[in-house]
Amino acid sequence: MSASALPSPALPETVTAARIGIGGPVGSGKTALIERLIPALQARGVDLAVVTNDLVTKEDAERLRRSGLIDPARVEAVEAGACPHTVIREDPTLNIAAGDDLEAKFPGLQLLIFESGGDNLASTFSLDLVDWWIFVIDVAGGDDIPRKRGPGVLRCDLLVINKVDLAPHVGVDLPGMLAEAARVRGAKPVAATNARSGEGVEAVADAICRAVLFAP
Amino acid sequence: MRVIQRVLGNRSEAAMAKRLHHLEHHGAVDVLRVASADIARRRLRATTQGGEEVALALPRDQILFDGAVLVLEDHHALIARVGAERWLRLVPASIPDALELGYHAGNLHWRVRFDGGAILVALEGPAEDYLVRLGALVTEGRVAHSVDAAEAG
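Protein chains in written order, with our numbering: chain A, 1 to 216; chain B, 217 to 369.
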């Protein structure tokens with residue numbers, strides 16, 4: 001049973017907010033996943049804010065601000081201006097500053113989500129920026145993606161394979177893709193989602209709450 | 217679950233060492249083992265050697281280190297022990313091989329250090345995952361490789 005169907009047990013109080021990253025290739029569904037995660041996490045009593053990263057626009061931040069899912073003031077945008085991985089790995093200063101700003105504006109904040117700009121399979125997050133991170137790929141990108149062993153696929157704390165509903169339409173063997181992902185990642189977890197319908201999103205919210213908010 | 221929100225100090229500090237020494241005599245010092253790849257995390261949940269589940273939620277300006285004192289009470293203490301970093305030692309056979317190896321290390325954003333004619337790559341996963349990225353440099357024997365590894369205390 002999903003946690004959202006149960007009264008949420010109180011999360012331990014902490015002085016600072018947890019920080020997580022959500023990265024992955026362009027069009028894999030990072031923003032759509034966040035749009036589903038926001039209500040799922042709010043239902044668990046999580047006080048949250050989001051920092052988005054785009055190359056030269058604030059497109060993803062504007063999309064979230066207009067969504068009605070979250071107070072627009074709780075969404076900040078970072079314009080990477082160059083390779084998106086630069087501002088989440090080599091020099092995450094802009095993102096750290098945006099996170100600090102949100103923590104200062106919203107005392108009691110429990111969770112900050114950093115959405116990376118769309119990148120390639122080599123994209124990873126600095127642990128100076130986040131405590132734990134998700135990498136999102138999708139079935140329409142091809143079922144050979146896990147086998148390519150990109151650093152993002154291998155090193156993330158949770159690999160999300162999104163758009164599972166498209167598998168039969170793009171000739172992808174979903175069970176095989178999930179098995180391959182589990183094989184290359186060893187003991188690290190893999191989740192299957194359809195962010196448009198919400199399928200699998202509760203499990204992702206549970207994983208976040210358990211890993212960095214210390215839910216039972 | 218115990219939530220630890222700051223590092224209290226270093227076990228080698230005189231005041232800490234004296235209290236820890238006393239607790240060790242009573243078998244009251246527990247150890248939290250942390251993999252070197254996780255050392256930069258401010259948040260972590262883990263089980264200590266003594267079997268206690270703990271959560272770390274450190275402020276952004278603090279990081280874990282080997283010997284960090286996480287709990288210091290009258291009858292109980294918890295110390296962090298960090299596993300030694302594992303390094304993949306790569307030795308190119310020639311200057312052209314060294315140039316090619318340097319290109320790959322930079323292009324793959326590996327964390328490296330140098331030791332004479334070797335380049336050392338910090339391992340955050342199996343060495344095979346790194347070697348396969350070097351392709352012909354490894355399969356043709358143009359780069360020799362070995363893993364330097366040692367577990368801290």
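The hints are simulated quantities; they were obtained by calculation from the structure and are not laboratory data.
Don't take every hint at face value.
[Stated by the list, open to error] Listed below are the simulated EDC-like cross-link pairs for lysine to aspartate or glutamate, each with C-alpha atoms no more than 16 Å apart in a straight line:
#  : chain 1 : residue 1 : chain 2 : residue 2
1  : A       : Lys148    : B       : Glu344
2  : A       : Lys58     : A       : Glu79
3  : A       : Lys105    : A       : Asp47
4  : A       : Lys188    : B       : Asp254
5  : A       : Lys148    : A       : Glu180
6  : A       : Lys188    : A       : Asp165
7  : B       : Lys234    : B       : Asp290
8  : A       : Lys105    : A       : Glu79
9  : A       : Lys148    : B       : Glu289
10 : B       : Lys234    : B       : Glu289
11 : A       : Lys188    : B       : Asp290
Hints versus structure:
{"no.": "1", "hint": "A/Lys148 x B/Glu344", "verdict": "holds (14 Å)"}
{"no.": "2", "hint": "A/Lys58 x A/Glu79", "verdict": "holds (7 Å)"}
{"no.": "3", "hint": "A/Lys105 x A/Asp47", "verdict": "holds (13 Å)"}
{"no.": "4", "hint": "A/Lys188 x B/Asp254", "verdict": "holds (14 Å)"}
{"no.": "5", "hint": "A/Lys148 x A/Glu180", "verdict": "holds (10 Å)"}
{"no.": "6", "hint": "A/Lys188 x A/Asp165", "verdict": "violated (23 Å)"}
{"no.": "7", "hint": "B/Lys234 x B/Asp290", "verdict": "holds (12 Å)"}
{"no.": "8", "hint": "A/Lys105 x A/Glu79", "verdict": "violated (20 Å)"}
{"no.": "9", "hint": "A/Lys148 x B/Glu289", "verdict": "violated (49 Å)"}
{"no.": "10", "hint": "B/Lys234 x B/Glu289", "verdict": "holds (13 Å)"}
{"no.": "11", "hint": "A/Lys188 x B/Asp290", "verdict": "violated (38 Å)"}
Hint compliance for this structure: hints 6, 8, 9 and 11 are not met, and every other hint is.
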